[in-house]
Each structure stands twice: as C-alpha cells, then as structure tokens.
Amino acid sequence: MIWIVTARETLDNLMSLKFLFGTVLCLALVVISTVVSLRDYQSRMDEYNTAVADFNEKPDSFYFKMYRKPEVLSIFARGFEKRFGNVAGLIYMPVQASGFMGASEGAEFSAEFASIDFVFVVRVIVSLLAIFLAYDAVSGEYERGTLKLMLSRPVPRSSVILGKLISGAICLLIPLIMSFIIGILIIQLVGGLAFTSEEWLRISLMFVVTVLCVMSFYMIGLVVSSRTRQASTSLLILLLIWIAGVFLIPGVATSAMDRYRRMASTPDKDVAAINSDFYRRKQKGPGPEYHPNNIDAYAKYRIKWDELEDEKDRSIWNLRKRYLDRLYSQADLVQWICRLSPSESCMYASEALARTYVGAYRNFMDYVRSYHGPHREMIRLIWKDRDRYREETKKFKKLIEVPPVTFSASLSAALPDICALAILNVLLFMLSVLFFIRYDVH
Amino acid sequence: MLWHIMKREIYDHFTSLRFAFTIGLITLLMVLNALIFVGSDYEQRLSEYSQNQAWVADQVRASCEHLNELATRGPVGFYKRPSALAFCANDQEDELPMRIRAQGGRGTYSWGGKMSYLFKTLWTLNYVRDVYQRNSMIRTFTALDWSFIIGVVMSFVAILFTFDAISGERERGTLRLTLSNPVPRGALMLGKFLGSFITIAVPLVMGMLLNLLIVNVSGVVSLGSGEWARIGLMAAVSFIYVSLFIGLGLVVSGRMARSSTSLLVLLLIWVVLVVLVPNTLGSVVSTLRRVPSQREFEEQREAATREVHDSMKDRFKYGSPTQPDPDVKAIKLWADFVTKLFDTGSRLDDEHLDSQFAQVQLARRILRSASPTTIYNYTMESLADTGFERHRQFVKAARRHRERFIDFIKATDRSDSKSFHIYYLKEGLSDKPVSSDNVPRFAEATGVSAAIRNTFTHIGVLVVLSVLLLLISYVSFLRCDVR
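Listed in order, the protein sequences are those of chains L and X.
491 is the number of the first residue of the first sequence in our numbering; add one for each residue after it.
974 is the number of the first residue of the second sequence in our numbering; add one for each residue after it.
Keep in mind that the hints are not guaranteed to be accurate.
[Stated by the list, open to error] Each computed DSBU-like pair below joins lysine-lysine, with the alpha-carbon atoms no more than 30 angstroms apart:
#, chain 1, residue 1, chain 2, residue 2
1, X, K1093, L, K772
2, L, K572, L, K874
3, L, K548, L, K874
4, X, K1369, X, K1391
5, L, K548, X, K1286
6, X, K1369, L, K572
7, L, K772, L, K874
It is worth saying that the hints were derived from the structure and are not from the lab.
Pulled out of the complex, with its shape left as it was, chain X reads as follows (with noise of 0.2 angstroms):
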C-alpha cells in the first residue's frame, strides 16, 4: 500500500514542472559553486600556508641557538590551514583572520642614571585583523556555497513541492476518491512524504556528485577519508533538513482548504525563518552585549600598561641585569616587571577578544533557537572546519599552545644548572641552545570525531524537529475534513 501511494507520487512530481525546474537549477548552481571554487585562488592560500609554515620552522629553528631567545621571540606565529571543503560552507570566512602573531624580540631602552637595560619584547599572542586578500568593493551577501543552495534553495524547492499535497487534491477531488479506499492516513501521509523526499533527494545527490566530481577532477583540492566522511555526513544533515521543510509542507498542506493559501503561509514561513532571522536577528542581538570600541580598547590598554611602568620607579635599585656579574635581585626585579608588563598587555588582549567571542556567541545561540536554517548553516559550518567556531578552536589551540611553549622553556631551562631558573627575563634564562625538534609544533585539532562531537546535538535538534513536523502532519490530517 505504501508502495503504491510512494510511485503514484514519484511518477507525478517526475513528470511535473517543477521537477524539471529543480533539475535545472539544482545543477546550475552546483556546477556553478564546484567552478567558481576552481576558479578561486584556493590553490594559492594553500601554498601561502604551507610558505608561512616553513617561514615559522625556520624563524624558530634559527632562535634555537640560545633558548633564552627562543622564550624571547617566541612560537613566531600560529597560521589557520585553509579548508578543503570551503565550497561547503563558506560564510564569512574571508572576514575571519587567518593567522595569530606570536612573536617578540625587538628591544626597549630603560635608563636610570648611569646604567641601561635594554629589555626585549616578550612574545604574546598578538591578534591580528589579517584576512586574506580580497577585494572589499564587491560586497558578497551570499556566498554561493552548499549552504546557500541547500539552506535556503533546498527549502524552497521542498515548499514548492509539498504545499499542494494535501490541499491541491482536496481541490481536484482526488483526496476523497483515495481515501474512499481502505487506504490508513498515516499511510497515505508517509507516502507523501517519502514520495516528495525521493524526488527531492534524488536531484540533490546527482548534483553533490557533479559538483565533487568537477572539484575532484580539477585537482585542486585532494580529498583524503577525513573530507569524504565530513562531506558524507554534510549530505545526510542536508537530507534531514530537507526533510524537515518537507514535513513543514505536509503540515500547512494539510491543515488548509486551498492550495494558494498553504503556499501563503509557507512562503511567509520560508522569508521568516530562512530570509530573515539569520540575517537580522543577529545584527539586533547583538547590540544587546555591548562590546568596548577598539579607541576604548586602546586607551584602556595603554593606562594599565603606563600604570606598570609607574610601578617600577626604582628598577635599577640593584643594578642591571647586564653587568658582568648581575645580582639575582635586579634579575628578579626586572623579570617581575617585564613578565608583569607583557602579562597585563596580553590578558587585556585576551579578555577583549574573549568580550567579542561572548557577544557573538550569544547572538549566535539565540539564533540557533529562532531557525532551523541557523542550526543547518552552523553544523554545515562545523563539518566544513569554517567559521565562527572553527576560529575560535584555532584560538583556543593558540592558548594552549602558549601554555605547553612556557612549560617547554621552563623544563628544558631546568636542566641548566648555570641558569638562575627565573622566568621571565633572558638573562635570567639559560643561554644553551635547543634542538629544534624538541620544541613543540602548533596543531589545530581537527578531526572528524572532533568535528562530529560539536555538532552533534545540533542535527539531533533537526531530527527531532523533522520527526515532531511529521507526527503534527500525521496526528492534524487524521481528523480533518477531506471533502
């Protein structure tokens, strides 16, 4: 019976316009995104990171003659790997920042009467606004990337499918006429929807396989297991979310007289949550945390560290650090204020870019609750290793790496005997050299199962949401009036 119902409905979407209409521009617009993500100078920011990379190992390799430099100029700099599957879910992500400076090294003067100091610059993480190049004078409202075509193109052809699906057989009188048999309605509902599922489905994944096809055979990109889990895993996520706006249909199909009208309301429905929450809502919840300007930043920034140099009016009470045979005191004076001086700087640092992740963080949790498109952009997102979050794990990977470099330098400093095991100061470090595969790399962790652990709840949110929409289809067509 099932069966039955599913082919009456394959066969009538198959031969329809519509069908034919979402062939065509399902396969346009990913033929066009696996083009113009060919065309883009992908290549390019692969090769720039893997220069950058080399650039660092030998920055560090080179301060590997004394580790006292190494701990002055630091891990040099931390670069975000392009991603493969930037054609997926592209937002924004030439906004993000693509690498952090972690570099120190130039020096600052300090007198006091007869003796100088000059105390070199501490690395800290330095955030720095560096995008890739672009060019700003074209705006891009959309990135035409999957989540474009399948969050908001996807849902609509879903819409255009399943707005008459009940209602448009109420008017024609064949509703009657089916159920005039022993057909159950839960019957006839899951048909329907798999029926339109299939016809849905069926051009999406011939369009997914063109669009990787034309990526794979360009050879830009080398899609390893990993890629082909993720990209396997954003396709079953597509389907669930497709299906969700398919159940939507089935649900205002069923409850209106009219075809016209359930095209109404969903359509209303479609510009609301699709259109217009992920692109307002945010703007508006986020000027509900208010995050300091980068002027005020600045000033702020400037007072704390001009209150440190206050504090250390009598730094040279014990001498300098550089005379032939320094005191411990003065090394333990200055090492206090540089490590002070350099600690209040990055703190601030930190907690403004902290303010700001909270402020985005939030508007972004308050939209994952408005829209299901949200939730599909940021699992697409999640999966695609782009983003907002894939940003913030870079930062977070930033940190820790700066924990686990501190903790390298003082280990390995511990083994001199000659050092006077004070950190921070160069003199107060031990001047040995080090061997440049001891010191620890930056990883990004990235993996599938990370990747599969984030987003998680959120496609548990969306099969929850698909299966609720089904069951209110199903429980709503139950009792209602099909004459």
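Chain L on its own, in the form it takes in the complex (with noise of 0.2 angstroms):
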C-alpha cells in the first residue's frame, strides 16, 4: 500500500514544472560555481606550489615561513579557506600574524564578489525544491478534494504520510546526487584531480549531511501543509519559514554578534605596554665588560636577556590568548544560535569535513607556535653552542608540513551539527505522522 501511495507521488511529482525548474537550475549553478571554485584553488595551489619551491631552494633557517596547504574540498564548502592567512612567518620572534598568500588574497576588494560555493547552491536551492515539494501535500490535496477520496478507501493513514515521505526522499535526492556526481565529474575531469580516500569518505559524509538538510525543510514542509488548510498559506508560511533559516537567522546572529564588540578589545595597547617596559630593561643592559667582540661574555649577557625575553613573550602570549579566546567564544556562541536553522548546520558541517573550518585555521597556528619554541632554541644555540647550531641548521633543510586536520577531528567538529540534523529529522518526521493523522478531512 505504501508502494502504490509512494509511487503516485513520485511520479507526480517528477512530472511538475516545479522539479524540473529547480534541477535544472540547481544543476547549472552547481556547474558555475565548481567550474569557479575549481579555477580559484588550481590558481592558490600553483601560488603554493611556487612558494614552496622557492623555499626549498634557498631555505632560510633564521627567519622561514610555513605554508598551510589549500585544501580540495574548499571547492565543495569553501567555509574560512580565503578568509584567513596561509602563510605564517617565524622570525624568532614570537609568530608574526599569518599573511596571506595567493591568488585571490592580493586584492582585498575581492571580499567584494563573495562566491557561492557547492554546499551552498544544494542546500539553498534544493531546500527551496523541497518546500515547493511540500507544501502542498497535504493542504493542496485537501483543497482538490483528492486527500478524502484517497482516505474513504481502507488506506492507513500512516501510509500515506509514509508514502509521501518516501517519495519526498526520492525526488530529492536525484537532484542531490545528479549535483554531487556533476561536481565530481568536473573536478577530476575538468581539473584532474584524484581524491584519496578519506576524502571520499569526508565527501560521501556531506552528501549525507545535504541530504538530511533538505529531508529537514522537506519535513518542515509536510508538518505547516498538515496544519493549514489551504496550500496558499502554508505556502506563504513556508517561504518565511525558508527566508528565515537561510538569511535571517544566520545575519541577525552574525550581524548582531559581529557588531556588539565592546566585548572584547584588542590587547595591543597592554601589548606595547610590556614591549616598551622589556625594552626599557634592555637598556639598562650589559656593563662595560660585556663586549660584543668579546664572545663568551657576549654570550652570559645574551642568555640573561633569553630570560627577559622569555618572560615578556609568556605574558604577551597570555594577552593575546585570552583575547583570541574570546573572539572564538564568540564565534561558537554565533554558531550555536545558527544551528536553529537546518541549512546553517548543514553548512557547518560541510566546512568542518572539507576542513576549511575555523578550527582548521586554529589548528596550523597551533602547531605553527608549537614549533616556535624549538626553533628558538635553536636559534639561541648561536651563542650558547656554536658547534651544534651548524649541525642543527644543516639538519634544517626541509619544509615544514603542518600536519592537515585528521578525519577523527574534522568529524568531531561537525558531530554537533550531524547530531542536530538528525534529531530534527526525528523530531520533524514524529511531528508530521502525528499531524496528518489527526487531519480533518472534511
């Protein structure tokens, strides 16, 4: 029984102007903007292609950089990819800002065209599918008087409602995979590249996680038609309802988070505070014996001030610490108050399993201020151990690859979202069983 309602629904509704409209237009805008996206990460790739290559041929072992590596699936969520620097820059003083490198960074009024990546066209554009799908599933049979002809007959109410579900599902997900296998086909063919095989895992992840995005505006879809009578309303509801998850909610909670900033001020005036008082102490530095020609001198003075300097790093690095705390603290909270909207979490999660998320950005400075330390240290071995700084900067010869995120902690990233993606799911699938079948027919 479910079978026969499925199957009248489906072909319903692949038959509807409404799905090929969307399809058709879903997929042109995936072609544009993975065609886009494509070129914009060969040009980044090639940016760091050279950028690496001129390293390596004349490494610097007193003041080097280390490059984060553009990632694939940035063409798939494009998330903080182009936002933050990629290139971060040792000089033995503590890490300097990352700076930008690539293509697209130099010119900053590039922040003007923002692009719309591939999760974004699915799960804006098939979201809308979706509701058009929806909406009149139930409030538009009850108006064509078709919903009481199809129950006068011993047709279990949940059938139907499970039969519509299913043919939802269906409909959906051709446009879904139709996208995701086009996106795949440009990128090796159009591209050549190859995916390793955990980013076919990460990739298959995001198309489940797109799927249960649009099975969410679908049900949502199924839940106002099964509370509404006429489908013009529901329509009009459900279009809010769209307006509201994909541009309001998440620029009202940015908007808002982003302006509100008395929050937190930037440390650098209590920064300059404590490099003008080491400096001062400098100053008042080495007495008359302490020569520069006169090395092993030189050196007691130097490690005296190693000390000083250590110090005064520690406490700037605790300002900047709890400044930069702050602003992720923020940003998580943006992010909690997004999730109410399943097209935002579908976003977040995408980010986080294409690795262009923020805690990606977070992770190459962490291992990049990791390494300052020991290259310090080995800086210092100049005047503390002449003979084994020669062997340690001919030890220094390679570039360092920071390690890229691990799929266990990509996956924990988006399992807040995934998580909430699915208990919608149940939530939205309960509720609309629920309503359809306490529906009035009369």
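Build the complex from these two chains, which are given one at a time in their own frames, with help from the hints.
Below, the structure is given as structure tokens:
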C-alpha cells in the first residue's frame, strides 16, 4: 500500500514543472560554482607550489615560513579558506600574524564578490525545491478533494504520510545525487584532480549531511502543510520559514555578534606597554665588560636577556590568547544560535568535513606556535653552543609540513551539527505523522 | 473608478494574513537593524577617527619647523570618516581599508668611498590594508542593513502580494465579474498597482520611521540636514525599487492562468535576480580580468627599485649633498635619483591599485545590467557614503591632495631665495619654518549633490524599468482572456 502511494506521489512530483525548474537551476548553478571554485583552487595551489619551491631552493633557517596547503574540498565548502592567512612567518620573535598568499588575496576588494560554493547551492536551492514539493502535499490535496477520496478507501493514514515522505526523499535525492556526480566529475575531469580514500569518505559524509538538511526542509513543509487548510497559506508560511532559515537567522546572529564588539577589545595597548617595558629594562643592559667582541661575556649577557625575553613573550602570549579565546567563543556562540536553521547546520558540518572551518586555521596556528619554541632554542644555540648550531642548521633543510586536520578531528567538529540535523529530522518526522493522522479531512 | 478599485485592494490586503506577516517582519527587522547599529562600535570608530585626525595634525605641525622636513614627511596619513548612515548600506564596509599612509622620514645611508649621504624616505601614498577591528571568525554573509531588508525581503514581500493579483482573481471568478462592468482594464491594473504599492509602502515607512527614531534617540549618531536629505533619497529609491517588483508581479500574474504557476515563476525570477546574481556573477566576472597577485607585484616592485638603484652607480661624482658647501650638480643628481626611486615605487603602487579597481569596476558594471537588486545596492551605497565607490573616491581625493601638497611645497619654496629650488631633495629645498595654517588640509568631497550626481543614472534606470514593467503588464492584460 505504501509503495502504491509512493509511486503515485513520485510520478506526480517528477513530472511537475517545479521539479524541472528546480533541478535545472540547481544543476546549472552547481556547474558554474564548481568551475569557478576549481579555477580558484588551482591558482591557489600554483601559488603554494611556487612559494614552497622558492623556499626549498633557498631555505633560510633564521627566518622561515610555514605554509598551509589549500584544501581540495574547499571546492565543495569554501568556509574560511580564503578569509584567513595561509602563511605564517617565524622570525625568532613570536609568531607574526599570518599573512596571505595566493592569487585571489592580493585584491582586498575580492571580498566585494562573495562567491557561492557547491554546498550553498545545494542547501539553498534544493531546500527551496523541497518546500515547493511539500507545501501542497496535504493542504493542496485537501483543496482539490483528492485527500478525502484517498482516505475513503482502506488506506491507513500512516501509509499515506510515509508514502509522501519516501516519495519526497526519492524526488529530492535525484537532484542531490546528480549535483554531487556533476561536481565530482568536473573536479576530476576538468581539474585533473584525484581524491584520496579519506577524501571520498568526507565527500560521502557531506552528501549525507546535505540529504539530512534537505529532508528536514521537506518535513517542515509536510508539518506546515498538514496544519493548514489552504495551500497558499502553507506556502506563505513555508517561504517565510525558508527566508528566516537561510538569510535572517544567520544574518541577524552574525550582524549582532560581529558588531557587538564591546566585549573583546584588542590587547594591542597592553602588548605595546609590555614591549616598551622590556626594551627599557634591556637598555639598562650590559656593563662595559660585556663587549660584543668578547664572545663569552656577550653570550652570558644574551643568556640573561633570553630569560627576560621569554618572560615578556609569555605575558604577551597570555594577553593575546585571552583575546583570541574571547573571539573564538564569540564565534562559537554565533554558531550555536545559527544551528536553529538546518541549512546553517549543514554548512558548518560540510565545512568541518572539508577542513575549511575555523578549527583548521586554529590547528595550523597552534602547530606553528608549537614549533616556535624549538626553533627559537635552535637560534639561541648561536651564542650557547656554536658547533651544535651548525649541526642543527644543516639538518634544517626541508620544509616543515603542517599536518592537516585528521578525519576524527573533523568528525568531532561536525558531530554537533550532524546530531542536530539527525534529531531535527526524527522530530519533524514524528510531528508530520502526528499532525497528518489528526488532520480533519472534511 | 480608480479610487474604488484602490480602496477595495487596500481593504483586501490589509485584512489578509500576508499583511500581518509583513508588518511583523518589517518591524522586527528594522528594529533589529537599529538596535544592532546602536550597540555597535560606531561611536568608538568616530572617536578613533577624530583622534587620528588630531594626531595627523600634530605630526604635520611638528614637521612645520622646516619646509624641507614637511616636504619629506608629508601629510602623514588620510583617514576615511565612518559614515553616519552605515546602518543603511553596510555590505563589506568592514573589509575596506580605513586609511592611507602618507608618511616619510626614515633614512637610508648610502656610502661611496669616504663620502656618505643619509637620504630620507620621501613620503608616498601607501595603501595599507588596515581595516576596523573585527572578529574574522564570524562570517557575514549578509549584513542586516536597509539594502538587505528592502532589497531582498521587501522585494520578496512585493511578489507575495502581487502573485495572485490577476491570476487569483481569475481563479476565484471575480475578475470576469469586475470586468463585466464598464471598468477600463487600464484602471483595474493601475488600481491594483497603487493598492499593492500603498499596502507595502505603509509598513515600510512605519519601519523606517521606527528605525530612525531608535537611532536618533540613542544619540549614537547626529543626523544633520545632509543626512536627512540622503535618507529621503534612499526612501524614494526604495519605493521605486519596490514598485519595480510589484510591476513584475503584475506582469507574470496577468499572463498565467493559475496563481501557483505565477508564484513559481516569480519566485524563480526572484531567486535568480536577488539571491544568485548579486552573489555569484561577481566572482565569475572578476576572474575575467586577471590581476597580478601580491607576490608577483612585490617582485615587480623590488625589481624596478633595484633597477633604479643600479642606475646610480656614480652617485658621489659631484660629492655629497651634506657637505658644508654642496655642489648644485650633486644635489641635482641625488634629487633625480631619490625622486625617481620613490616615484617608481609610487607609480607601481598606484597602477596595482588601479588594476584592482578596474577589475572590480568591470564586474560592477556587468552586475549592474544583470539585476535591479545590484543597481539598488549600489545606489544605496552611494547615498549612504559607504562601499567600494566611496573608497575609490577616497583614494582619488588622496591622490588629488598629493598633487596639492607638492604644489604647496614648491610654491612656498619659491618664496625662499636661499634655497636651490630642487624638488625633491631635502638639501635642495628651503629650511625655513612654515605656518601650519597654510598647509592644505585633506578633505573628502562628500556632499549630497555629489551623491545625487553619481546615482542619477542608476535611479533613472530603476524608474524606467518600473514604468516599463507597468506598461507591459497593462498591454499584456489588455488582450488576455478573463474567463
């Protein structure tokens, strides 16, 4: 019985104009966005390779840079890939704020043109399509009179609603699967890139996440449809929900949080105070016996200076860390608010899986910072132990590769969003069944 | 007749669910916009701006002791004033640089045998990337400003009100009822348009007034007559933009038999024009014209300056300019070198920035012809004094000031008989003090009339489009079947 209902619903939807429009629009946009993202990724990769090659030609142990490799999966979910720097300079002093490198960064005005990525197209367009398929599922049938016709037969109501759900899932899976296949084909054929097995796993998880997002919109549609009597009312309500979910909730949350900056003021003034204090103390430096030409005495002076410097850097780092933590917690709060919208949850999960989320940048900077200590110790060997210094710099020929975010780290970052989507789906499923069973057909 | 139709439409709409939603939504969004703006750091930015201006003035005054020092250190810096109407059009404002450095002064030693010369860095326009402090971990896809509320949400609401204007009546049977009376079709169309327009304009005006009330009462900004004129213009443009979408709704509604089809078509058009085109096309188009990356540009610049350095092999041919009685030829030689060195760098900087600007402008020009929403956004940006065009004008004003400053230096130098009148070298210019009042001050040209001039064509295009859509709706309705 379910399968008869499902078949009828599916055929109905597949042959409708709205499905055709939605699928065509979705696929066209997927092609455009994938091609644009692919070209951008390729130019960034070229820049990265050139920079790395330059570095390998003339490695500088005193002042060297660590580069963050561009992510392949940023073609799917752009995330923060281009917002943050991907080169960090280590110059003996504490790590400088990371700089940018890459073809699309030079123009700060490139921010003028936000581009949409693959996940955006899928979660926005296909969710709109889901709403269009669902809005008249119950109320439209009621208006047309076919609902009481169907229910006058011995068809259990649960079969009807389950049939509608399954048919919706089938109809929405078609554009989703096609989009993913087209996206992957473009990347592999046009871009000539191949995915590792871990990347295939990530892509398939991204697919699951987008399916959950789109299905939650479909089920919201069913819920609203089985609460209203007129299809146009349910459409109105659903469109407002869609606008709220896709634009308003993230817009309001980010505008409010971003502008409301009184909680986090930069520690620049305090840092400057600490720095000037340090240089003041250094001025009262060595006595006349510590002459730079007297190497051992100079070494003793420098060693004492090293302690001062370590202390200064620790206090500066404490200030900066506190500030950074406040920024991160602000961003986390925004994320939690935005999780109200399934489309935003889908975006966060995809970014985490594509390794372009904030955590990836944090991971990079933490690793660079952890490398700073040993690097500085190596530099200090110049006046502590010349021979060992020469040994160490000889070993220092290769470029340090920052380890990319592991799969388990990505998964744990994406887990809250995946859970939120899954719970939402289950909840909406129960609600839609409940409301349909109590729907008055007369 | 027209009045009756209008009255009926207005009553119809005012008692509908859509209207309640619209009022609720607009009020919520406008209030949020005002609250966010009031809670933001606008005051802090404004005070930072005045502090920076004061600092610049102090620095200039300090270097007025000697003309040649003023010539070296330059105007120190140009700051962009935070716009009072930032809550109206705020996209990407935080990503644009807020100042241009124009400071020289540190020196570089140059040796040749027993002679040395410390030549000071001449000031050039340094396009730094300082932006106002922001938390970059929070991404802003859409800023909740008037451009967004009206450009995206209001256009959507316009469609919601008009999608079943004709097709709904046709389905219900009231259209043939109305037209069986001697009602001219044009009057019907116009009545519907005006009815929908008033239905949307009333909540919009209420929202705007509420928003302005909150902003005014909070005292965060002071809105002078210039600002009110701009706000009035922005309201006018918003109404034109909304009526454009009402016209579009009427056109599609008149042609379709069923209201659900017309809604589908209208939503498709809306998604493409309002959501997709402004966001996608820009990035696609900006790949058309390639701009050299930062690294390439820096390499170019280094190569060019190195070339200039290499060309000065025999720089101490006539001695050093800092000798007690310097040779004019030495001063001329060094002046040529120093001027060429910094001019090359400055010229390359300007060209690089201009190529970036050109890329953005090309994309903006294409975008303007692709969607009325982009026209609307750019108009709002110009009227609110924010955005890319404002930044470009700021850079142009800085460059104009650069010329004025150099002319001032040269003119003041001419009045000193003891100087060599050779620009630019510190020893080639006068040493006398300059009154700091005479130094030209940097001023951006921001007036309402300038804004109107810039946006005149845009507003014209929007008006033409709305009128065109109305005419099309009328003409296509004239011959359609009402049964």
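> Which numbered hints turn out to be false for this structure?
Replying inline: 2, 4
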